[in-house]
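**Student:** Each chain, written out:
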Amino acid sequence: MLDSADHSDRIAEILEAHQHLEGPLLPILHAVQAAFGHVPQSVLPQIAKALNLSKAEVHGVVTFYHDFREAPAGRHVLKLCRAEACQAMGADRVAGAVKAALGIDWHETTPDGRVTLEPVFCLGLCACGPAAMVDGRLIGRCDVSVVEEVAV
Amino acid sequence: MKDFIIPDRDFGTPAAKSKQMVTLTIDGFDVTVPEGTSIMRAAAEAGITVPKLCATDSLEAFGSCRLCLVEIEGRNGTPASCTTPVAPGLKVHTQNAKLKQLRRGVMELYISDHPLDCLTCAANGDCELQDMAGAVGLRDVRYEAVDNHFKAKNTSGEANPQWLPKDDSNPYFAYDPAKCIVCSRCVRACEEVQGTFALTIEGRGFDSRVSFGAKTDNALASDCVSCGACVQACPTATLTEKSIIDIGTPERSVITTCAYCGVGCSFKAELRGDELVRMTPYKHGKANRGHSCVKGRFAYGYASHKDRILSPMIRDSIEDPWKEVSWAEAMAFAASRMKGIQEKYGRQSVGVITSSRCTNEEAYLVQKLTRAVFMNNNTDTCARVCHSPTGYGLGQTFGTSAGTQDFDSVEHTDVVIIIGANPTDGHPVFASRLKKRLRKGAKLIVIDPRRIDLVDGPHVKAAHHLPVRPGTNVAVVTALAHVIVTEGLMDEAFIRERCDWDEFQDYAEFVSQPNHSPEATELLTGVKPADLRAAARLFATGGNGAIYYGLGVTEHSQGSTTVIGIANLAMLTGNIGRPGVGVNPLRGQNNVQGSCDMGSFPHELPGYRHVKNDAVRNVFEEMWGVKIDNEPGLRIPNMLDAAVEGTFKGLYCQGEDILQSDPDTKHVSAGLAAMECVIVHDLFLNETANYAHVFFPGSSFLEKDGTFTNAERRINRVRKVMAPRQGYADWEVTQLFAQAMGANWTYTHPSQIMDEIALLTPSFAGVSYEKLEEMGSVQWPCNEAAPEGTPLMHIDGFVRGKGKFIRTEYVATDERTGPRFPLLLTTGRILSQYNVGAQTRRTANVVWHDEDVLEIHPHDAEVRGVKEGDWVRLASRSGDTSLRAKITDRVSPGVVYTTFHHPETQANVITTDFSDWATNCPEYKVTAVQVSPSNGPSEWQRDYAERTEKSRRILAAE
Chain L
-17 MLDSADHSDR IAEILEAHQH LEGPLLPILH AVQAAFGHVP QSVLPQIAKA LNLSKAEVHG
43 VVTFYHDFRE APAGRHVLKL CRAEACQAMG ADRVAGAVKA ALGIDWHETT PDGRVTLEPV
103 FCLGLCACGP AAMVDGRLIG RCDVSVVEEV AV
Chain W
71 MKDFIIPDRD FGTPAAKSKQ MVTLTIDGFD VTVPEGTSIM RAAAEAGITV PKLCATDSLE
131 AFGSCRLCLV EIEGRNGTPA SCTTPVAPGL KVHTQNAKLK QLRRGVMELY ISDHPLDCLT
191 CAANGDCELQ DMAGAVGLRD VRYEAVDNHF KAKNTSGEAN PQWLPKDDSN PYFAYDPAKC
251 IVCSRCVRAC EEVQGTFALT IEGRGFDSRV SFGAKTDNAL ASDCVSCGAC VQACPTATLT
311 EKSIIDIGTP ERSVITTCAY CGVGCSFKAE LRGDELVRMT PYKHGKANRG HSCVKGRFAY
371 GYASHKDRIL SPMIRDSIED PWKEVSWAEA MAFAASRMKG IQEKYGRQSV GVITSSRCTN
431 EEAYLVQKLT RAVFMNNNTD TCARVCHSPT GYGLGQTFGT SAGTQDFDSV EHTDVVIIIG
491 ANPTDGHPVF ASRLKKRLRK GAKLIVIDPR RIDLVDGPHV KAAHHLPVRP GTNVAVVTAL
551 AHVIVTEGLM DEAFIRERCD WDEFQDYAEF VSQPNHSPEA TELLTGVKPA DLRAAARLFA
611 TGGNGAIYYG LGVTEHSQGS TTVIGIANLA MLTGNIGRPG VGVNPLRGQN NVQGSCDMGS
671 FPHELPGYRH VKNDAVRNVF EEMWGVKIDN EPGLRIPNML DAAVEGTFKG LYCQGEDILQ
731 SDPDTKHVSA GLAAMECVIV HDLFLNETAN YAHVFFPGSS FLEKDGTFTN AERRINRVRK
791 VMAPRQGYAD WEVTQLFAQA MGANWTYTHP SQIMDEIALL TPSFAGVSYE KLEEMGSVQW
851 PCNEAAPEGT PLMHIDGFVR GKGKFIRTEY VATDERTGPR FPLLLTTGRI LSQYNVGAQT
911 RRTANVVWHD EDVLEIHPHD AEVRGVKEGD WVRLASRSGD TSLRAKITDR VSPGVVYTTF
971 HHPETQANVI TTDFSDWATN CPEYKVTAVQ VSPSNGPSEW QRDYAERTEK SRRILAAE
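Top to bottom, those sequences are chains L and W. Under the numbering used here, the first sequence has 101 at position 119, and the numbering climbs by one with no breaks. When you read off a place in the second sequence, starting at 1, and then add 70, the result is the number in the numbering used here.
There could be a bad hint or two in this list.
Stated by the list, open to error - Distance condition first, Cα-Cα at most 25 Å in a straight line; then the derived PhoX-like pairs of lysine-lysine:
| # | chain 1 | residue 1 | chain 2 | residue 2 |
| --- | --- | --- | --- | --- |
| 1 | W | K531 | W | K510 |
| 2 | W | K956 | L | K31 |
| 3 | L | K31 | W | K513 |
| 4 | L | K31 | W | K598 |
| 5 | L | K31 | W | K531 |
As the list claims (entries may be wrong) - Covered by chain L, according to a simulated footprint, are these stretches of chain W (three or more residues, beta-carbon under 8 Å):
| # | segment |
| --- | --- |
| 6 | 330 to 339 |
| 7 | 526 to 537 |
Think of the hints as simulated: they come from the structure by calculation, not from any bench. What you are looking at is a predicted structure, and each value in this text was computed from that prediction instead of being measured. For glycine and all other residues, C-beta sits at the position ideal for the given N, C-alpha and C.
Okay, chain L solo, but in the shape it has when bound (with noise of 0.2 Å):
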């Protein structure tokens, strides 16, 4: 992980664009996260100081939000979805042969960084269950299958 200095440049021009807007912080986060691939927590006290709020705010802001990252995902992000209209429809089998695939498990990254796995709880896609997202694109009706979609 970069350290801070590397950062903090970089946050003061994400912190200039976006402090006129009224509660920054969400934009400010998401802005974050588009640069570095993650919200480091080194950046975290520069984000508080310049919006007068505390370390600890932030902190329970960003952890809120299951999708900003401490650390840097693979380059390809799978989520499947663990919600009860998928379950009914076997998400629970996708989600075992997923990982076998993979060999990873929720939240980890394959070591050669190619995917990251992760749970994520309803995409809206209940009339296709079970369903999964791979870099934000919707895949209905899944099955072991959608590793292809994150072979390379």
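On the provided structure of chain L, position chain W as indicated by the hints.
**Tutor:** This is chain W only, laid out in the frame that chain L set:
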């Protein structure tokens, strides 16, 4: 709030302030409460307790625990009573079959994720979760904890990822996440009550956890200031005082007053036997309203520290080791020496210093000792070195030597000027009340050389920070007045009605001169004219304007002038005589106001009446049966000068460490060394005691009855919680000494001393222990005209008649920077340490601050080759010392800053003997210095350490 002894009812939500009353029916009873009150509180007022977990009356309602559900006729569902406000005619039911079932269900869920180790839990008998389980009749828990937060390992021995270990990093309290019910009370207390925002809830859903700071922080590493608000708010054992974990629950409590700063917080001292278990802030304390800081709440361990001296000691010469003796022998020795000195060198050759740490009654007795027994007026107090200019400046302009408001006033203020004060460190409980008001929209102007925490922090941002160059306060204050007068922003109606119009015109002509404009003074002050103009406009036009100031104003060669300038500003803008305004000195010590009131100054008898006034003297002479000298006596610096000259030979110094706290340490030590009898009356062998011949061990504030007077003139009771460990309360020691000197004093309780004070002092005429018992506290003046005391002063007219405008010409201090000493040193204090640190250094507070460091701007550090943490030599024209550097842009280039909490550093070796023109208050805040890299402690520091060790030897008992 955990309040099981002297149950202090928790009403669940804060009181509503509306004047509009609403009547509703709760469980068949009619209840009338102010509009905006919650149903929970209305029920509590009617004596009906609705079960609750996340609500407490120090915090706004939150509505998360779902235990306080009620039914309201004609409304759907079961709303939470804490978040539902009352409305006229509501019919509320707090208990029925449906509610019972719902509450039990909720409790089952809570308990299913809670360790049931009640018998070995620190909160056993003092736990709201336990109480609520009882209240809802929980008999069975249907859920089995599969996923849980409280088991370190599952049954097959695998670690539970949801379990977090206990955080013991804070020296005073522990955080045990396993017991947490995530009610958010601690997080809300940190935000709403303390205003630090050090806590948060991290994660969501089942993963929600209370977190100090961010991911890698613990309680100590986070922004936490250890004020104890979270511990006070926690309903379970999750956040618990370590003293409770060590000792157990207390069995009795005594209401008393904190002995640290001038805020004067009320506390409950909670005890088991005569062991102090904990101090908790008292909800009904009018200065603190249930809040506390790390010092008052936790740093009381000094009272039982091993360094405390419990036996009187004497020695012939300061080169000898101490010899422990009986009280009688110590008194005889001290009295014969003092008598001998007076016989040999005359009546004026001895004197006293009263303590601002002791009670009013004790300070009164010490000044009476010099006036009625030594027969001179050689009395002074440490206010000499802090707020004597306040006494002078406010006395001249308004007619009283004290602040004009109570602390509640801050709730009504719209614009606050903080000048020369750092409330978050020096007066933390007031700072929390101020921050609360700022979060509600009040504006803040900070005038300080240093960027204090209030300038920019979580949910606080000063509208203007004027980084004044040390020593130029007068120029800044006058420039503010210049803007207000020349732009016509003054409150002319107020000035015409309340102040002397001719004097105002003279003053207006003076401040209007172009050389007082912000543009002209910028060269001196370093403050940007545009900022200063904007600040002046804001203060003059922003609504209720209040000025709070501290030692950064007074401890200057022109301290009194700045105080006068501040008073002028308040009069100019009509900000006197109602809530939300006023001039408010933040007094440093718990009883510095009181020790001044008690006649500790050499020219004033109790109640600020001059010794030259025959009528006043007569009253005292009649009561005391002696003739009082009509010449003012010596001030502390004069005593020391006279000692060096050989005409002042004996000193009784009560609870003050002048060697460490007074400026120009070398001069102080030379003065003390020249005396033939120095009596030190203190808890510890302090630095002054290195030069003492007699040591009277003192009693702590827990061991005596009396009163302290805080910065808002509030007389608070100090109550004896335990017997004095060394045998006598301080007032008894002074009385024993007076008796040994031949006086016929026969006080048997401090209330008799207060009665005598009331008889002799018009502003205290109505004060008695009975009244304090009845009212809790009272603000002087308290007399026939104001039998319940005076929260706000100068309401209809100034005490002196017409408010007096006085010209405030800026005169530069003689302490100037030059090629040899190019930087300006200013001094201050830090949250965790108090004054010279005699008490706080003997507590676990040292984890936050174990040495004084020198703050220096990166630019100044770089040109000197100084890096973070390096030893540097700090030298002035007076002396030099060494300490470590901390590089920060909190200070401006050209300014360095340090604290004076540690005797090893002795920052006062550096400070000069320049002082306020009117009152001799030393100019601590401005010293020209040079900073250079160093290898370690200076020669002087090593010599001093050696001398200290030598002079603290105590002979083994025979």
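**Student:** Now, for every hint given, state plainly whether the structure supports it.
**Tutor:** Results for each hint:
no., hint, in the structure
1, W:K531 with W:K510, "12 Å, holds"
2, W:K956 with L:K31, "20 Å, holds"
3, L:K31 with W:K513, "19 Å, holds"
4, L:K31 with W:K598, "24 Å, holds"
5, L:K31 with W:K531, "11 Å, holds"
6, 330 to 339, "violated (count 0)"
7, 526 to 537, "holds (count 6)"
Violation of the numbered hints given earlier is confined to hint 6; every other hint is satisfied by the structure.
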